[in-house]
Amino acid sequence: MDIALHQSLGLTDDEFELIHEIQGREPNDLELAMYSVMWSEHCSYKSSRIHLKRLPTKGERVLVGPGENAGVIDAGDGVAVAIRMESHNHPSAIEPAQGAATGAGGILRDIFTMGARPIAIMDPLYVGPLDNPRQRYLLEGIVRGISSYGNSVGVPTVGGELHVENCYSGNPLVNVLCVGVLPTERLVLGKASGVGNLALLLGSSTGRDGIGGVSVLASAAFDSSNNDEAKLPSVQVGDPFEEKRLIEACLELLDSGLVVGIQDLGGAGITCATSETASRAGLGMDVDVNAIIRREPNMSPVEVMTSESQERMLAIVTPENLEMAQKICDKWEVRSSVIGHVTACEKSVGRLRVFDGFGGQLLADVPASSLAEDAPLYDRDKMKPLNFDEDLKRFDPMERIESTKSHFRDELLSLVMNPSWIYRQYDHQLFLNTIKSPGTGAALLRLHAPGVKSTKKAIALTTDGNPGWCAIDPHYGTVLTTIEAATNIAIVGANPEAVVNCLNLGNPEHKEVMWQLSSIVDGLSEGCDLLGVPVVGGNVSLYNAHNGKDIDPTPVIGMIGISEDYSAKVPDPILAARPPDSSSSLDPDNKGGQYSLFLIGGPDPFTASSKTKFQLGGSRWGRQIHELHGGYLPEINRDEIPYQIELLKTLATSGNIVGWQDIGDGGMALAIAEMVIAGGNGHVGATISEMPAYALWSELPGRVVASIANTKVSQVMSLANSKGTPIYNVGQVGGDYLVFEGFGKIGVTELTQYWNVSLSSKIFA
Amino acid sequence: MASDVGIVVFPGTNCEFDVLEAIDASGANGHLLWHGESFVPKYDSVVLAGGFAHGDYLRPGAIARFSKIMEGISKFGADGGKIVGICNGFQILTEAGLLPGALQKNRGLTFICEKVNLEVTSDKSCFTKAISPGTVVTLPINHFSGNYTNENVDELEANGQVVLRYCDNPNGSVNSIAGIRNDRGNIVGLMPHPERAISEITGGSDGLLFWKSLLET
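Heads up: the protein sequence lines correspond to chains C and H, in order.
Last residue of the first sequence: number 777 in my numbering, and the count goes up by one each step with no gaps.
Last residue of the second sequence: number 242 in my numbering, and the count goes up by one each step with no gaps.
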């Protein structure tokens with residue numbers, strides 16, 4: 013039996029009935045196609061919106077919150093910062109280079125749509141184990157895609173992260189965060205106001221690429237029984253040169269005050285841009301489908317209206333300004349054509365009407381807001397998985413902790429990885445803003461962009477995800493992830509200001525996935541409330557699954573912080589100071605034990621009664637070494653966290669810290685090893701006092717390990733005391749070995765060599 | 026009086042604002058020049074900034090050499106005007122025949138963005154005249170096609186036209202060449218980015234030596 017058209021477009025029978033009801037008649041094929049893309053999970057958030065409402069979105073600095081193309085915060089001094097995070101998981105699974113490239117391209121448009129010049133991209137990546145050739149192909153392609161697009165379009169990629177886990181083998185995650193800067197008065201919204209104003213389509217011609225990308229690709233799970241390669245035409249193809257000209261043309265249009273509203277074309281293409289802009293203004297729009305410049309002949313109206321061809325924008329201009337606006341487009345070699353005009357409401361409903369030539373046949377006629385806002389909201393069933401608590405107990409890595417005694421050295425070596433193979437392919441310096449480069453935790457950038465008034469401020473950016481924690485407890489795991497992000501922001505001297513997020517999950521038709529989603533939203537709310545930061549934007553990516561198996565829940569938190577003085581020196585993740593005149597060698601005088609290592613933040617790692625606070629559930633040690641995905645998460649003292657973050661921020665610019673690193677993935681053991689490695693040439697080792705093994709592998713968001721000159725210890729102690737934060741001496745800096753008393757030692761040179769070859773040798777295996 | 030420097034902007038150029046900032050930090054005035062306009066030779070020097078002019082379609086620099094402004098710039102160079110091409114600007118100068126040789130894809134076939142050490146090998150150029158030969162500087166590189174090749178490389182070396190050499194060849198360039206000059210020394214092309222090294226806060230200030238060289242009269 014043939015399936016009905018609406019089903020092949022991804023609409024359910026109930027949704028079809030609802031459309032019928034809205035229209036008061038049978039929808040035609042074009043109308044059905046328009047509803048199918050706009051009501052897709054990707055565009056409508058129909059399964060998640062009901063939960064996302066619970067997120068805290070208010071804050072003093074918030075100028076624009078969730079729901080617009082990007083969140084915008086006020087950085088003061090007449091400067092605002094736009095920030096957004098997106099996923100491009102499904103396209104990247106099919107065609108990694110183009111999938112990742114168009115992910116970057118799409119989010120850039122979201123940023124300059126707001127009137128902001130994009131100044132930084134970050135890319136958290138999640139793939140399967142790299143001993144599998146397909147995973148190497150995916151990672152190589154994803155990195156090449158981001159590199160080729162981001163570098164060419166002229167926006168630096170300043171950081172990201174790489175997670176390697178089995179659950180991403182069939183469905184990699186490619187998330188991307190973008191930040192832009194604008195003069196506060198240039199802020200524009202995607203609104204088609206003013207009846208009679210013209211809709212000007214800018215940029216690329218419209219082709220057959222990406223048709224139904226949001227519905228066919230992003231809103232269904234992968235399954236090897238289907239031929240996923242057959243979805244290849246649903247992947248868009250990017251052209252960074254077109255985008256670069258589009259950025260410059262749009263910023264010039266906005267600077268000249270020639271547009272009243274502007275909107276990028278992303279998922280669902282022209283249908284989305286026209287219906288959303290009209291709907292936001294409470295008006296309607298007439299569109300001439302023939303006025304849309306096409307890339308190939310014989311395209312049907314359905315194809316034209318739903319194509320996701322990249323590098324296009326819709327600008328709303330007054331008729332008087334049309335000529336001047338088109339002149340700017342011509343200068344930048346950007347195509348522009350009037351494809352429609354803003355219309356008044358009929359019976360208080362703004363209608364989106366599509367014509368075969370103005371004055372020609374009416375091809376589609378729908379209420380604009382019904383596409384944009386009336387998608388059904390689903391409160392899908394949710395359920396904690398069966399045997400969940402029993403499994404946590406059965407697969408608790410803490411049970412294996414004694415075994416680390418005899419394998420500690422090999423275990424540590426297997427966890428070190430030099431990610432520079434990835435970021436050396438990205439231009440991470442353009443605009444001369446990059447104070448902290450990729451590979452060192454949060455990025456720290458001057459708050460500065462061409463065309464925007466200079467400030468003394470800096471912004472800190474981080475992306476953090478920990479599927480290990482969130483698989484064990486999606487709520488509390490998300491709280492911990494949020495605290496980890498804030499820690500990364502604080503240790504470069506910035507104050508956490510706003511959060512964006514990408515919630516990557518499996519199939520929402522699975523009750524367990526909806527339980528994860530709901531728990532994550534509550535966890536994110538709790539984390540943000542604890543830290544006093546609002547959520548200004550987000551993205552939910554569902555159907556990340558392969559062969560019926562969902563990925564581990566992977567909320568990725570993007571956080572932005574502001575620091576008042578970009579020239580303030582903040583610590584690197586190193587053990588000993590570098591002499592002022594050299595960037596590559598350490599001060600030889602400091603090898604003699606003048607520095608000590610401290611754990612900042614409790615509890616006491618040396619006391620046996622602290623054991624339950626140093627849990628190993630979800631830890632890299634438990635997951636990667638023992639493949640145990642159960643256990644319990646480390647405990648935090650919620651009341652102490654805000655003070656601890658405040659303390660770290662104060663210490664960062666106090667001049668009292670030689671170097672430090674947060675205790676995340678791989679625990680204190682890996683944090684200290686990375687500090688040894690980051691010393692570079694002439695690096696120095698350390699001796700870590702004997703402590704229970706779990707304290708070395710447990711992951712402790714909100715806490716850091718710091719190298720402090722012995723002469724400064726009392727000052728740091730009294731600062732910590734004033735905030736009520738405990739601090740513990742865990743070792744001494746010096747020597748040519750990294751010694752973990754009671755566990756073994758590793759030569760500093762050997763450790764560094766191992767780190768250097770680890771990722772590239774896997775890629776080129 | 027402060028020097029006036031023209032900075033050429035093609036569609037796809039992206040380092041023009043960074044060059045502007047470097048020139049400003051060095052006490053001179055930078056002026057952005059649009060590729061589609063005629064070149065007016067009223068500047069003390071001209072910089073072709075990095076980026077991806079015309080999207081690097083066909084080959085880096087292959088289309089940019091035909092832009093309207095290039096005719097006047099060629100003449101400016103022939104008359105002894107100071108011209109510096111950085112990264113994509115270097116690629117354009119070789120495509121335009123203003124400098125010898127060509128830039129191929131990096132050995133290793135990946136884009137490379139990192140700091141490298143370089144030896145300044147000649148002070149007989151407008152961009153290195155304030156730097157003693159033998160000086161080692163640290164500058165960032167940021168390119169996919171920086172692998173310099175020249176069938177007459179021996180002649181280039183014999184003429185002393187190599188101005189900058191990688192200490193540890195990152196991209197396969199013949200004789201580790203990172204930058205060259207023309208015979209007269211008024212035209213210089215280099216792959217590293219001196220405009221990205223003008224402040225310790227962002228990783229180093231060795232680039233200031235190059236700007237000082239260009240802006241000295």
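Hints are supplied without guarantee of correctness; some may be wrong.
[Claimed, not checked] Here are the simulated DSSO-like pairs of lysine-lysine, each with C-alpha atoms no more than 27 Å apart in a straight line:
#1 H:K237 - C:K339
#2 H:K140 - C:K774
#3 C:K468 - H:K237
#4 C:K581 - C:K405
#5 C:K581 - H:K140
#6 C:K394 - C:K405
#7 H:K67 - C:K468
#8 H:K93 - C:K343
#9 C:K396 - C:K581
#10 C:K343 - H:K67
#11 C:K774 - H:K130
#12 C:K469 - C:K774
No wet-lab data here; the hints were simulated from the structure.
Check each numbered hint against the structure and report the violated ones by number, ascending.
-> 1, 4, 7, 9 and 12
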